[in-house]
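S.K.: Given chain A's structure and the hints, the job is docking chain B onto it.
Line order of the protein sequences matches chains A and B. Taking numbering that gives the first Met the number 0, the leading residue of the first sequence gets 0, the next gets one more, and so forth. Taking numbering that gives the first Met the number 0, the leading residue of the second sequence gets 0, the next gets one more, and so forth.
Treat the hints as calculated values from the structure; they're not laboratory data. It cannot be assumed that every hint is accurate.
Where chains are identical, the list cannot tell them apart; a pair therefore holds if satisfied intra-copy or between any two copies.
[What the hints assert, rightly or not] Derived DMTMM-like pairs (lysine to aspartate or glutamate); straight-line CA-CA distance at most 25 Å:
#1 LYS87 x ASP57
#2 LYS116 x GLU37
#3 LYS234 x GLU96
#4 LYS87 x GLU54
#5 LYS234 x ASP193
#6 LYS43 x ASP228
Protein chains: 2
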Amino acid sequence: METESAKIHLSVDCTVLGFDGERLEVLLIRRTGVEGGEEFHDMKLPGSVIVDGEELDDAARRVLTELTGLKNVPLTQFHAFGSPDRTKDPRDIHWLEATQQMHVGRTVTIGYMALVKIGRSIMGDMEGTEALWVPVDKLPPLAFDHNQIIAEAVKMLRTLASMDPSMLYALMPRKFTVTQLRNLYEVVFGARLDPANFYKKMVQMPYIVPLEEREKGVAHRAARYYRFDKNTYNKTRI
Amino acid sequence: METESAKIHLSVDCTVLGFDGERLEVLLIRRTGVEGGEEFHDMKLPGSVIVDGEELDDAARRVLTELTGLKNVPLTQFHAFGSPDRTKDPRDIHWLEATQQMHVGRTVTIGYMALVKIGRSIMGDMEGTEALWVPVDKLPPLAFDHNQIIAEAVKMLRTLASMDPSMLYALMPRKFTVTQLRNLYEVVFGARLDPANFYKKMVQMPYIVPLEEREKGVAHRAARYYRFDKNTYNKTRI
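The following block holds chain A by itself, in its conformation from the complex (with noise of 0.2 Å):
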């Protein structure tokens, strides 16, 4: 005898996050399907349903790679999404019945997440795929319930960045600008901080080093480059 719980497939969803000096920006794959005859063009993130055998932390590993061409991406597990409202819409059960050639039942997705550096280059391995960066601030309707995993992502990032600040050097470019790390502050806790403050507060902190460097070819006043030093902000916790 099955049961009705034996309908349940399982894929894996990958939330890579960036930051481009202003914005939290997010990884996304173009997707094409059709519905009621009309072909339609929207984004989800980079996905799939793993395959027989395949370990949860390998699948997501093979599909970032195979969709955007990202290797030795810090992926962690972060959350299980399972609702069974997740694959209501038609467009996501069609498009998922065309491309993986089978019937769908309920989905339950495990949720990675990762933090890069927006430089990166991103080329997905797999014909006909296109990744792109997106603000996390300006997302459209996404596939499944792509924009609430996302929210959750940016949330867990609150969550662990608020107990561990040092995370969000992960984000930052190798050398970057005060106003570009509050910036990141700003996106990630929510909320407006007082320039003057932020700068008095970041230039006491032994783990951020100043450089000779400055800015090039702006307009305003050439701002002062820093780099984070992992093993000071070490030092400075017990």
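M.R.: For chain B alone, kept in the frame of chain A given last:
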């Protein structure tokens, strides 16, 4: 066409951790199965296959209440366990098939964890189930990959508590001695702490409030009780 990936079952498992003043304990339920015509007895985490149409969080709460009687426990999803190897023991497969009346292929379980005060009464709603506290460092081989799930939950507790030690007080009795608190730090962080140093640090924390009350009926010198003040703790952090 159904692909292999369709044959997946989904369950939830709850790792409820408590602290008895000396050791970290986990709430398990007894399991009786039959293998090769012989009855066997072992233990497992409170868990179950999810019901059709049920939200994951609801499933975790339902299962914990049914099997242990615990209600209003702050369960948090912490990790999905989906290795193809986790259901390779025939005893587990046959037990699942007998109790769930279904064929068992790959089973992915969503792990939930909770920290509770160990004094709470434990009593399952379902006939024939028995829940009990077992020290985490004295676990026998458990059903499925439940030893691994518990190890991961303890690791998660350690990571989170190193960032936010206030969460540890969910495990402590409302009033506690310095020794009990030091014991908890030792078991969570897996390191011996010097009693004199620990005491000196602890009494400096404004959120650890001394009470007038002392231990009763102990052979050694009766130790003072303290309580954790969450409001004061929150004010010590920005």
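S.K.: May I ask which of the numbered hints given earlier this structure violates, with the numbers listed in increasing order?
M.R.: 2, 3 and 6
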